[in-house]
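Enquirer: Read off the chains here:
There are 2 protein chains.
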Amino acid sequence: MKKQQITNLKGFRDFLPKEKRARNFVVEKIVEIFETYGFQPIETPTLEAGELLKGKYGEEADKLLYSFKDRGDRDVALRYDQTVPTARIVTQYKNELPKYFRRYQIQNVYRAEKPQKGRFREFTQCDIDIFGSTSFLTDAEILACAYGSYKNVGFKNVEILINDREVLFSNLEKYATEKVSVMSIIQSIDKLDKMSEEAIVKELVAKGLKEPTAKEALKNIQNAPQTEILEKTIKAAKKLGIDESSLIFNPTLARGLDYYNSIIWEVVIPEYKVGSVGGGGRYDNLLNELIGEDIPATGMAFGFDRIVEAAIEQNLIPQKNMSTTVLVAIVDEAGFDKSMEVAKNIRKKGIKTEVYMNEDDKLGKQFKYADQNNFKYVVLVGGEEAAKNVAKVKFMDSGKEKEVQLNQIGEYFSGLTDE
Amino acid sequence: MKKQQITNLKGFRDFLPKEKRARNFVVEKIVEIFETYGFQPIETPTLEAGELLKGKYGEEADKLLYSFKDRGDRDVALRYDQTVPTARIVTQYKNELPKYFRRYQIQNVYRAEKPQKGRFREFTQCDIDIFGSTSFLTDAEILACAYGSYKNVGFKNVEILINDREVLFSNLEKYATEKVSVMSIIQSIDKLDKMSEEAIVKELVAKGLKEPTAKEALKNIQNAPQTEILEKTIKAAKKLGIDESSLIFNPTLARGLDYYNSIIWEVVIPEYKVGSVGGGGRYDNLLNELIGEDIPATGMAFGFDRIVEAAIEQNLIPQKNMSTTVLVAIVDEAGFDKSMEVAKNIRKKGIKTEVYMNEDDKLGKQFKYADQNNFKYVVLVGGEEAAKNVAKVKFMDSGKEKEVQLNQIGEYFSGLTDE
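As you go down the protein sequences, you meet chains A and B in turn. If you're matching positions, the first sequence starts at 1 in our numbering and goes up one per residue. If you're matching positions, the second sequence starts at 1001 in our numbering and goes up one per residue.
Hints listed in this document are in silico derivations from the structure and should not be mistaken for laboratory results. Please note that a few of the clues may not be correct.
Said to hold, decoys possible - A few chain A residues that don't get close to chain B, going by computed Cβ distances all over 10 Å: (1) L52; (2) A61; (3) R71; (4) R88; (5) R103; (6) E141; (7) A144; (8) V182; (9) K191; (10) M195; (11) I248; (12) D305; (13) N315; (14) G382; (15) E401; (16) Q405.
Unchecked claim - Here are the simulated DMTMM-like cross-link-like pairs (lysine to aspartate or glutamate), alpha carbons at most 25 Å apart as the crow flies: (17) K232/A / D1332/B; (18) K1117/B / E96/A; (19) K1365/B / D284/A; (20) K94/A / D81/A; (21) K1063/B / D305/A; (22) K99/A / E1359/B; (23) K368/A / E1096/B; (24) K1094/B / E19/A; (25) K232/A / E1359/B; (26) K1054/B / D75/A; (27) K1054/B / E1159/B; (28) K54/A / E1122/B; (29) K20/A / D1305/B; (30) K20/A / D1332/B; (31) K1094/B / E96/A; (32) K1010/B / D73/A; (33) K1273/B / D1332/B; (34) K235/A / D1193/B; (35) K156/A / E197/A; (36) K10/A / D1081/B.
As the list claims (entries may be wrong) - Computed footprint of chain A on chain B; a stretch qualifies when at least three of its residues, placed anywhere within it, have a C-beta under 8 Å from a C-beta of chain A: (37) 1191-1205; (38) 1366-1377.
Here a beta-carbon is modelled for each residue, glycine too, at the ideal position from N, C-alpha and C.
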């Protein structure tokens, strides 16, 4: 057949082993913590009925929905987020799920966005949520779980900025005018992490506030006290495991505010400058709006791609995850059977081992392959070694060699501290 | 909003925690072995260019492809299998991948099949393959890895039936007539696992063979000797770890034969009666046919849904994977802070722990929740316990209680052998 030059579609990514392993590592580390917090995994289909997803994300988002007619002329659409399918799940299986339901979900979503740096048409969402309770305890559990998850990936510094939308409304309402709504004031003030105070004041004045009012509003919100619910949540979350200095009240944090109704938060890794690596809040009314079921909820989304990027930046992905450790060379016919057994016995210890894949290649070629693919050790059992019941272990970094008894080979490798 | 009654689409499945956990368990166990064999993970996009997938799977399959025009009027299609996207990968990234490339891939595929028992429109494929080598060593590695994977899930009995398509052709060619091709004879004989010998002979006679010829053909193939490549592969695979009696030469195994060109095999769990749980073979010419790149390959597909089903049937999914272990009750205000710390300290030991999610509920309600959701232990720290620096641990199965020192609570739970 003629050679095809077809590549992946624009906006879609292939993950080769190195990147896929980094992603797997992050999933493994955060899921480990999700599980200790009692979160339970679910999975929903990639395709849903079009009528479930359409009109749920606002007009702009509807345009980004991958929807089409299937062969049965049904209107279907690719998963756009995990919230709407989960809203369906907690309604459809209400009688099978716990009254208070903690779930985690890590699946891909699809959005027909214009491809650009850091924006993809298929990307992984990673959410934890608790359904069925309005208690501040659930917010505290989510916060502590999130903190533990980031820490478990290996990040030294993790900061969670927290606010209550009530703080914003109760402190800013009085500055609203007929022309400038409280929402509009909040939207300007939310930009404090990117803009200077002067610029914010300027923007508010441009919107129609008087300068002294704008300045007072800003000062007022910056010095706003915590609400009772914030105090309780923060205290409980710290007792549950968040370091004292890592959970920070930020009265100007707004997070779009579209569907949150109480506590909101954002997670920041200070050394990672691209932006926040997660965020969430309480959304007691959303499930009713989405699906007509009155179920309170709180939860958060982990910015999966950013977490992976930050973890790579900070060298948190263990190198032993990245390549195969041992190459068992094929030396000669006389050593062949014992070479196979050596591979078996090293693998029994959980050590990544390949048997070289072409018995006709000379040893030089086999070492070249080991070198190019970052193997740490090459194990050789030729007829000579087989007769002595030993294997020759070659250290690829130093070039040193060591003879190991065949019946000790597994133990030998599991004892090498750098594996 | 009015309540919506939208459910999942026909042919698509929701996985609630119990089932999702069983699936995760199987993935974890087989991936553990894939990794020790040096297989590396990759991931490809859900959507591919329509022209990559169309015409690749035969006319019938093309009808099952989920394809549509995206908003940019591009012809796109949902992943139909993992082989074609991987063929694209090994071509597109040829210079970045090892010369001999072992990869595993576990992703969902989409087929617009008529929904029926055991057949779904979205299902998980799980493949291991080695690209770039024609050596029998690669077949042996795949076989041993597969065997180890099934064993690692916990199956006691795993049988791999193996054949070489050469066995079929060289032993049956002589019985072919103008009317009855060797392929047609093979197709009949391949049914030996479902039909009696008499029925096979009858079918061959109906096709046009004389009865003595049909009988002789059947007898001949049943007694056919192994080819040299079979002997070498089987010997190496056993040395690599397959039990002597578990790798069985079956000269009538044909596996459709569509694109395999040498060794083929099928995996059976004898106690599981639905059918084989995996299979594969060498397909040195397929990548050339698919994508015009001359790369030899061998590999296999694990029947993921069946493996999960068989594992559940055989009670292989550990119960501790299935529910959260400890519920920390909310007793009173005075014990609240210490209750949070208790949750923190039990979780530190990796034990699944929930803090009860409504501080207003009476203890009776909290115990009911623990009971309904299969918690093993409820931990209580009220003011009374807090003052004594103890926690009360209630065993849900026996109703017994035990007092544990607060500073020992983590160790206490990690010492409970049944966790």
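Enquirer: Each hint: holds or not?
Expert: Taking the hints in turn, this is what the structure says about them:
With a closest Cβ-Cβ approach of about 5 Å to chain B, L52/A is found to fall inside the 10 Å limit, against its non-interface label. With a closest Cβ-Cβ approach of about 13 Å to chain B, A61/A is found to remain outside the 10 Å limit, as its non-interface label requires. Not every C-beta of chain B lies more than 10 Å from that of R71/A, the closest at about 5 Å, which undercuts listing it as non-interface. R88/A, annotated as away from the interface, has a beta carbon of chain B within 10 Å; the closest lies near 6 Å.
Not every Cβ of chain B is farther than 10 Å from the Cβ of R103/A; the closest lies at roughly 7 Å, contradicting the non-interface assignment. A Cβ of chain B approaches the Cβ of E141/A within 10 Å, the least distance being about 6 Å, so the stated non-interface status is violated. A144/A, annotated as away from the interface, has a beta carbon of chain B within 10 Å; the closest lies near 8 Å. Annotated as non-interface, V182/A keeps its C-beta farther than 10 Å from every C-beta of chain B; the closest such distance is 25 Å.
Separation of K191/A from chain B is adequate, the least Cβ-Cβ distance of about 31 Å exceeding the 10 Å criterion. Here M195/A stays apart from chain B, with its beta-carbon at least about 34 Å from theirs, past the 10 Å limit. For I248/A, the condition that its CB be more than 10 Å from all CB atoms of chain B holds, with the nearest at approximately 19 Å. Residue-level check passed: D305/A sits 13 Å from the nearest beta carbon of chain B, beyond 10 Å.
A cut-off of 10 Å between C-beta atoms confirms that N315/A is not in contact with chain B; the least separation is 20 Å. With a minimum CB-CB distance of about 16 Å to chain B, G382/A clears the 10 Å threshold, and the non-interface call stands. For E401/A, the non-interface assignment is confirmed: its Cβ lies about 22 Å from the closest Cβ of chain B, beyond the 10 Å cut-off. Separation of Q405/A from chain B is adequate, the least Cβ-Cβ distance of about 18 Å exceeding the 10 Å criterion.
For the hint pairing K232/A with D1332/B, the CA-to-CA distance comes to about 15 Å; that is within 25 Å, so the pair holds. Restraint check: the Cα-Cα separation between K1117/B and E96/A comes to about 22 Å, which is no more than 25 Å; the hinted pair holds. Note on K1365/B and D284/A: the hinted pairing holds, with a Cα-Cα distance of about 22 Å set against a maximum of 25 Å. Taking the CA atoms of K94/A and D81/A, the gap is about 20 Å. The hint holds against a cut of 25 Å.
Proposed proximity of K1063/B and D305/A is contradicted: the alpha carbons are some 35 Å apart, above 25 Å. For the hint pairing K99/A with E1359/B, the CA-to-CA distance comes to about 14 Å; that is within 25 Å, so the pair holds. Simply put, K368/A and E1096/B have alpha-carbon atoms about 15 Å apart, close enough for the 25 Å limit, and the pair holds. Taking the CA atoms of K1094/B and E19/A, the gap is about 16 Å. The hint holds against a cut of 25 Å.
Annotation: proposed proximity of K232/A to E1359/B holds, straight-line Cα distance about 12 Å (limit 25 Å). Of the pairs offered as hints, the one joining K1054/B and D75/A holds, with about 22 Å between alpha carbons and a cut-off of 25 Å not exceeded. Among the hinted pairs, K1054/B with E1159/B is inconsistent with the structure: their alpha-carbon atoms are about 36 Å apart, more than 25 Å. Restraint check: the Cα-Cα separation between K54/A and E1122/B comes to about 21 Å, which is no more than 25 Å; the hinted pair holds.
With a CA separation close to 23 Å, the supplied pair K20/A and D1305/B stays within the 25 Å bound. Our distance criterion of 25 Å between C-alpha atoms is broken by K20/A and D1332/B, whose separation comes to about 47 Å. Among the hinted pairs, K1094/B with E96/A is inconsistent with the structure: their alpha-carbon atoms are about 49 Å apart, more than 25 Å. With a C-alpha separation of about 13 Å, the suggested pair K1010/B and D73/A falls inside the 25 Å cut-off, and the hint holds.
Distance restraint check for K1273/B and D1332/B: the Cα-Cα separation of roughly 55 Å exceeds the 25 Å cut-off, and the hinted pair is therefore not satisfied. With a C-alpha separation of about 66 Å, the suggested pairing of K235/A with D1193/B is violated against the 25 Å cut-off. The straight-line distance between the Cα atoms of K156/A and E197/A is roughly 30 Å, outside the 25 Å bound, and the hint therefore fails. Proximity of K10/A to D1081/B is assessed by CA-CA distance (about 20 Å); at most 25 Å being required, the pair is judged to hold.
Counting residues of the region 1191-1205 of chain B whose C-beta lies closer than 8 Å to any C-beta of chain A gives 0; at least three are required, and the coverage claim is violated. Look at the region 1366-1377 of chain B against chain A: 3 of its residues bring a Cβ nearer than 8 Å to a Cβ of that chain, three or more, so the hint holds.
Of the numbered hints given earlier, the model fails hints 1, 3, 4, 5, 6, 7, 21, 27, 30, 31, 33, 34, 35 and 37; all others are met.
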